[in-house]
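**Q** Could you build the full structure based on these sequences and the hints that come with them?
Each chain, letter by letter, is given below.
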Amino acid sequence: MRRLLPQTLPVWVLLIVIAGLLISQVATLYIVSRDRAAANDVVDLYRLNDRAYSLVQLMHAATPEERKLTASGLFDPTYAVTVSDTPAVTSSIAGDDELAELEDILVGRLSKFGVTDARVRRDPASQDTDEPGSFTNGPDAGQVERDLLVLAADFAQSDKLTASLRFADGQWLNFTEPITPAGPILSFNSVPLYSLIAGLIVVMSIWSLRRVTAPYRMMETAVKRIGNDLKSPPIPETGSHEIRGAAKAINSMQARLLEHVEDREHLAAALAHDLRTPITRMRLRLELLRNSAVREALAHDLADVEGIASSVIDFATFEVTEEKAERIDFWSLVESIADGFEQVSFENDETRSRGLICIARPVALKRCVTNLVQNAVTYGKRAHLSLGKSDHTITLTIRDEGPGIPAAQIDAVFGSFVRLEQSRNRQTGGLGLGLSIARSIARAAGGEISLKNHPEGGLLTQLTLPLAA
Amino acid sequence: MDCARRRLTAPDDVRVELTMAEFNLLQTFVKSAQRVLTREQLIELSGGDADYSFDRSIDILVSRLRRKMEDDPKTPKLILTVRSGGYQFLPETTSE
Chain A
1 MRRLLPQTLP VWVLLIVIAG LLISQVATLY IVSRDRAAAN DVVDLYRLND
51 RAYSLVQLMH AATPEERKLT ASGLFDPTYA VTVSDTPAVT SSIAGDDELA
101 ELEDILVGRL SKFGVTDARV RRDPASQDTD EPGSFTNGPD AGQVERDLLV
151 LAADFAQSDK LTASLRFADG QWLNFTEPIT PAGPILSFNS VPLYSLIAGL
201 IVVMSIWSLR RVTAPYRMME TAVKRIGNDL KSPPIPETGS HEIRGAAKAI
251 NSMQARLLEH VEDREHLAAA LAHDLRTPIT RMRLRLELLR NSAVREALAH
301 DLADVEGIAS SVIDFATFEV TEEKAERIDF WSLVESIADG FEQVSFENDE
351 TRSRGLICIA RPVALKRCVT NLVQNAVTYG KRAHLSLGKS DHTITLTIRD
401 EGPGIPAAQI DAVFGSFVRL EQSRNRQTGG LGLGLSIARS IARAAGGEIS
451 LKNHPEGGLL TQLTLPLAA
Chain B
1001 MDCARRRLTA PDDVRVELTM AEFNLLQTFV KSAQRVLTRE QLIELSGGDA
1051 DYSFDRSIDI LVSRLRRKME DDPKTPKLIL TVRSGGYQFL PETTSE
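Just so you know, the protein sequences line up as chains A and B, in that order. Under this note's numbering, residues 1 to 469 are what the first sequence spells out, in order. Under this note's numbering, residues 1001 to 1096 are what the second sequence spells out, in order.
Don't read these hints as lab results, they were simulated from the structure. Any given hint could be a false lead.
Derived DEER-like restraints, expressed as beta-carbon distance ranges [what the hints assert, rightly or not]: (1) B:R1035 - A:H260: 55 to 61 Å; (2) B:V1030 - A:R210: 57 to 63 Å; (3) A:T8 - B:A1010: 43 to 49 Å; (4) B:P1011 - A:L257: 37 to 43 Å; (5) A:E448 - B:L1045: 41 to 47 Å; (6) B:L1080 - A:P466: 33 to 39 Å; (7) A:S386 - B:R1083: 31 to 37 Å; (8) A:T277 - B:P1011: 42 to 48 Å; (9) B:L1045 - A:Q343: 30 to 36 Å; (10) B:L1045 - A:S386: 31 to 37 Å; (11) B:R1035 - A:A297: 54 to 60 Å; (12) A:H266 - B:R1035: 48 to 54 Å.
Ideal placement from N, C-alpha and C gives every residue a C-beta, glycine not left out.
**A** So, in structure tokens, the structure goes:
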């Protein structure tokens, strides 16, 4: 059930608008139809009253035989008029209050013509649908003629009011009066107009919703982009007031974040850099000591500290340096790096194509690929490189022969200072900065690094970069 | 080719990465363009590292350079092989 519900704000609002539209339209139609039915009722009673008056006026002075003649002259299947000795409405008690009142009115109005009793009954529609013959349904029938025909058929099938009036001499005048049929509220002809209006409203609400939610969507993409690359260019501060406000807020947030991060990087770099001087001094002083196991151990420790300092400097300065992005022949870059490692084999060496061009900062990209290859060689003994290309991306796949990484820890290895190997052994790797540096370089160039375990063993590292035109 | 910063840029502005040995060899070729150089000369001129002291290593370097620079490495137009002599770097060179 939850899955069927819309997940986005605009769809929700849209659904509410449509539902509201439907409810208000249905309510309006209902009100209109009720009013129309009530108006019809009064008109029907008025017509019956009127007709009774004219019929009685015509007949009250005549003899019973003359009345019969007149009635047959006025005969019409819908408005049957008969004169007889018995009333067509046998019950003298009216069906409801409305009819009772009508009877009283009839008697009151017609008493001056000698009418002594009036009975009115409501009859359900008769089943015999005798076609009214007055209108021909020919192919050349016009619009008005067709409408009349439809109306006549409706009248023939609608409920009837039957009235019986007693003249002074005891004869009854019976006639029927069809109740005005309730036409369809929504005629077929007005459906297109109706749906056009509904469609317009929906389109307008979609449009206004898009405008309303534009800042949200813009903020989402902007924040996502800043998450990937803090140095991405600021978003343009244009558009409506709200969008401009959102853009301005995001831009200032990005600027402050960047300032903050750069401060930290500069601090780290400065610290690591300043460490070098005392380390060098210690190294020189060590030389003055006499040869001993302690001196060896101290020298070893110093080398470690020096290594840590320089990798921190690398990590910090890579972010800070202002290297310009260039168009780079990725194949030559990978091959140059592969050349530096004995344990690396280049798989599709022969299918060299010059089309693998990407835009990145050359030294940084070299660093990125070197880190990945270095990892593969260090933890996986040998690395097999292959290059591929799709419509918009270049893919460098590195497969090693190591044990791989437990699936649960694949995301964790990208973190700074994360090393899966618990021993802080300087021989097999550094501080755990390699992958996080490589990934931030790849992301800065619009690419991504993914890791997964190869089904046949070994870790599969994939670097994808956007292909430059 | 920027010798000071040791970098090579293709005519279409694409940066081509070379290893140190490849760059040294290319530099040698460019300096003595159009001359036929024997393998021994090449080793000597490009800094004669002991690692590259046998003939085949020059052949490997040349084939790498060709792959990185030629449009079609099978039919080289820049670095030609001269039978029983060595290699020749064909293009006209200009320096800035």
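**Q** Tell me the hint numbers this structure goes against, listed in increasing order.
**A** Hint check: nothing fails, all pass.
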